[in-house]
Amino acid sequence: MANAQQKRNFKKLWIIGFFVLLALFPPFFLSQYWLHVMIISLFYVMMASSWNLIAGFTGQVSFAHAAFSGIGAYVSGMLAVYLGLSPWLGIFVGMGVAALLGLALGYLCIRMGGIYLSLTTLGFSEILRIIITNEDQWTRGTMGLQVPGFFTEYSKTSYYYLFLIIAILILLIIYWIIHSEMGLTFRAVLNDELAASSSGINTIRVRILAFTISSAMAGLAGGLYGHYLMLITPDIPSLGQMFLVLAMVVIGGMGSFIGPIMGSFILEILSEYIRIYGEYHVLLFGLIALGISRFAPEGVMGVLGRRWKRAWA
Amino acid sequence: MSEFLMYLTNGMVMGVINAISAIGVSLIVGIMRVVNFAHGELYIFAGYFSYHLSTSLGVPPLIAMPLSVFFIFLVGIGMERTLIRPTYGNEMYSLIITFVLSIVLQNAALLIFGPYPNKPPNLVSGATNIFGLYHYGNQRLLTFFISIGILLFIFYLIKKTWFGKSIRAVSQDRGMASLVGVDHFRVNMLSFGLGAALAGAAGVVIAPIFPVTPTGSSAISLNAFVVVVLGGMGSLKGCVVGGLLLGMIENLGAAYISTMYRHIFGFIILILVLVFRPWGIFGQKTQ
Chain A
1 MANAQQKRNF KKLWIIGFFV LLALFPPFFL SQYWLHVMII SLFYVMMASS
51 WNLIAGFTGQ VSFAHAAFSG IGAYVSGMLA VYLGLSPWLG IFVGMGVAAL
101 LGLALGYLCI RMGGIYLSLT TLGFSEILRI IITNEDQWTR GTMGLQVPGF
151 FTEYSKTSYY YLFLIIAILI LLIIYWIIHS EMGLTFRAVL NDELAASSSG
201 INTIRVRILA FTISSAMAGL AGGLYGHYLM LITPDIPSLG QMFLVLAMVV
251 IGGMGSFIGP IMGSFILEIL SEYIRIYGEY HVLLFGLIAL GISRFAPEGV
301 MGVLGRRWKR AWA
Chain B
1 MSEFLMYLTN GMVMGVINAI SAIGVSLIVG IMRVVNFAHG ELYIFAGYFS
51 YHLSTSLGVP PLIAMPLSVF FIFLVGIGME RTLIRPTYGN EMYSLIITFV
101 LSIVLQNAAL LIFGPYPNKP PNLVSGATNI FGLYHYGNQR LLTFFISIGI
151 LLFIFYLIKK TWFGKSIRAV SQDRGMASLV GVDHFRVNML SFGLGAALAG
201 AAGVVIAPIF PVTPTGSSAI SLNAFVVVVL GGMGSLKGCV VGGLLLGMIE
251 NLGAAYISTM YRHIFGFIIL ILVLVFRPWG IFGQKTQ
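Chains as they are written, first to last, in this note's numbering: chain A, 1 to 313; chain B, 1 to 287.
If you're looking for bench data, these hints aren't it; they were derived computationally from the structure.
It is possible that part of the hints are untrue.
Claimed, not checked - Simulated DEER-style distance windows between Cβ atoms:
#1 A:Y82 - B:K237: 46 to 54 Å
#2 A:L231 - B:I130: 50 to 58 Å
#3 A:L270 - B:A108: 15 to 23 Å
#4 B:S258 - A:G96: 23 to 31 Å
#5 A:Y82 - B:P86: 47 to 55 Å
#6 A:K11 - B:A108: 42 to 50 Å
#7 A:D235 - B:G126: 54 to 62 Å
#8 B:R186 - A:S31: 38 to 46 Å
#9 A:Y154 - B:L252: 46 to 54 Å
#10 B:P115 - A:F151: 33 to 41 Å
#11 A:D235 - B:F131: 43 to 51 Å
Unchecked claim - Residues of chain B clear of chain A, computed beta-carbon distances all greater than 12 Å:
#12 T55
#13 S178
#14 F267
Said to hold, decoys possible - Facing chain A, according to a computed beta carbon distance under 7 Å, are these residues of chain B, among others:
#15 E91
#16 M92
#17 V100
#18 V104
#19 T215
#20 S218
#21 L222
#22 F225
#23 M260
#24 I269
#25 L270
#26 V273
#27 L274
#28 P278
#29 I281
Ideal placement from N, C-alpha and C gives every residue a C-beta, glycine not left out.
Throw the hints in and build the complete structure from the sequences for me.
As structure tokens, this is what we get:
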């Protein structure tokens with residue numbers, strides 16, 4: 001029994017190692033443009049996977065994930081511009097602020113139930129948008145705030161490896177969380193809240209914790225993204241961005257570890273191909289996401305997983 | 001003084017419209033435990049329908065208005081049948097589906113109607129002198145009275161008719177209601193349609209005063225949600241009181257504090273309610 005488990009873990013490690021090794025190569029053969037697409041995809045991997053941590057694993061729908069990434073970006077960007085703080089430190093301050101705001105929002109709403117969290121986080125992102133566009137003497141509003149990058153010598157390759165390292169770190173933390181005891185309580189809360197709370201799990205504390213961790217991850221991802229683009233605009237915390245992240249998770253497969261990663265790459269690459277048709281990609285992704293959540297709620301990963309299992313059985 | 005009274009009147013006009021829109025959300029939440037994030041988009045669509053029916057097709061405005069509301073009612077029924085019904089019992093999926101739907105509809109509205117506000121024709125013109133204090137636009141006064149009429153109709157529908165009784169029965173105890181012969185699928189469908197129609201009604205009555213735009217829809221949904229939480233989830237009385245309060249606070253706040261931050265007042269109210277009285281003004285404290 002233990003042997004079989006070990007074997008499976010070993011196989012898993014091999015597969016993961018293979019993909020990580022594969023991920024080291026793109027800078028050697030991709031053009032600058034496609035390297036950029038890969039970097040943006042890695043940003044979405046961080047966003048989608050951390051959103052999936054709360055939505056897929058604890059069943060809470062937050063609409064403030066993009067807003068938290070915006071907070072990470074603006075806090076770090078403004079610290080760099082006005083106080084000259086290094087972005088390497090700034091992103092962690094941004095992450096901390098996002099975590100604190102996440103904790104506050106989570107503390108306020110989660111005890112009231114899922115609907116309240118969704119409503120309040122939606123309100124929060126709308127308010128953040130209003131503040132950022134109106135306080136333009138500080139944020140430069142819709143014009144965008146120009147911020148310094150991480151490296152003195154601009155190179156997409158360095159950014160690619162930076163994003164890759166952080167994305168892998170975030171994924172490792174998420175993997176560790178969902179396979180730890182905490183992950184078990186997450187799933188217990190998701191499956192049957194009443195049963196979980198009567199077997200001694202503090203369901204509210206578990207949810208607030210998950211929400212805070214996920215907000216912090218969004219803040220970190222946003223900070224990285226802002227300093228990579230070197231221009232922070234209100235598009236980062238917009239509901240449109242939130243929708244993209246949500247669509248990536250829903251299309252890839254909610255509640256699966258691989259699903260959001262696949263979803264991020266699929267949608268980001270697809271949107272590069274249909275960019276020439278203008279803004280229709282939002283409409284198209286929306287329709288796909290609606291179809292998937294209606295007919296295949298487990299997403300692409302769920303459908304593929306079933307196929308594979310059947311093929312192997 | 002007269003200025004203050006005018007802002008207050010503006011607040012009341014907005015307040016009754018807020019109330020109509022919020023009752024639409026509240027009905028759906030109360031009966032199905034579903035928050036319709038596409039509420040603001042339905043509101044916008046109704047405004048545009050009313051504009052295009054009356055201006056582009058030449059339908060008299062008095063017919064165009066109820067016709068648009070009826071269209072939105074049908075859209076609501078279609079939404080419930082195709083997308084919402086399979087999600088019953090899974091709160092998370094209904095939240096995700098209606099959010100995605102709101103983005104889809106918002107982009108569809110941008111595509112179909114364009115980003116510009118369109119104003120349906122006024123029903124009346126001129127202004128009336130109110131108690132010799134200030135002049136107030138007749139169109140706004142008419143909107144106010146039409147809205148009150150709609151509110152009275154809703155209360156009659158829910159408190160006095162058979163349909164209203166079955167709605168209340170289902171929202172109190174779904175299982176028991178179906179035991180005594182209420183077809184809850186039908187009730188769900190009709191009340192989702194009614195909720196959508198109320199978003200439509202609010203959009204239709206407001207469009208001649210404040211033309212709607214596709215990008216304004218999330219603020220509209222949020223306003224309705226704030227009112228529902230402020231009044232207490234599932235309470236109709238709460239929607240009216242909450243709607244009026246929000247309308248007046250927003251208008252006075254915009255006039256005396258900051259116009260740019262008009263929509264922030266609603267959010268501040270939401271946070272205050274969540275901190276001090278999470279069950280709202282008329283809601284029941286459950287825990």
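Hints, one by one, checked against the model:
1. A:Y82 - B:K237: 46 to 54 Å: The hint (46 to 54 Å, Cβ to Cβ) holds, given that Y82 (chain A) and K237 (chain B) are roughly 49 Å apart.
2. A:L231 - B:I130: 50 to 58 Å: Check passed, 51 Å falls within 50 to 58 Å.
3. A:L270 - B:A108: 15 to 23 Å: Holds, at about 20 Å.
4. B:S258 - A:G96: 23 to 31 Å: 29 Å, holds
5. A:Y82 - B:P86: 47 to 55 Å: 51 Å, holds
6. A:K11 - B:A108: 42 to 50 Å: At roughly 46 Å between Cβ atoms, A108 (chain B) and K11 (chain A) fall inside 42 to 50 Å, so the hint holds.
7. A:D235 - B:G126: 54 to 62 Å: Given a distance of about 44 Å, which is not inside 54 to 62 Å, the answer is violated.
8. B:R186 - A:S31: 38 to 46 Å: Since the Cβ atoms of R186 (chain B) and S31 (chain A) sit about 58 Å apart, the hinted range of 38 to 46 Å is violated.
9. A:Y154 - B:L252: 46 to 54 Å: Given about 51 Å between the Cβ atoms, the range holds.
10. B:P115 - A:F151: 33 to 41 Å: 39 Å, holds
11. A:D235 - B:F131: 43 to 51 Å: Holds: the Cβ-Cβ distance is about 49 Å, inside 43 to 51 Å.
12. T55: 26 Å, holds
13. S178: 23 Å, holds
14. F267: 5 Å, violated
15. E91: Status holds, d = 6 Å.
16. M92: With a closest approach of 5 Å, the M92 (chain B) hint holds.
17. V100: Holds, about 5 Å.
18. V104: 4 Å, holds
19. T215: With a minimum Cβ separation of about 10 Å from chain A (threshold 7 Å), the hint on T215 (chain B) is violated.
20. S218: 6 Å, holds
21. L222: Holds, because the Cβ-Cβ distance from L222 (chain B) to chain A comes to roughly 5 Å (cut-off 7 Å).
22. F225: With Cβ-Cβ at 5 Å, under 7 Å, it holds.
23. M260: 5 Å, holds
24. I269: With a minimum Cβ separation of about 10 Å from chain A (threshold 7 Å), the hint on I269 (chain B) is violated.
25. L270: With a closest approach of 6 Å, the L270 (chain B) hint holds.
26. V273: Status violated, d = 10 Å.
27. L274: For L274 (chain B), the interface hint holds, since the closest Cβ of chain A sits about 5 Å away, which is under 7 Å.
28. P278: Since chain A brings a Cβ to about 5 Å from P278 (chain B), closer than 7 Å, the hint holds.
29. I281: Hint on I281 (chain B): violated, closest Cβ of chain A at ~15 Å, above 7 Å.
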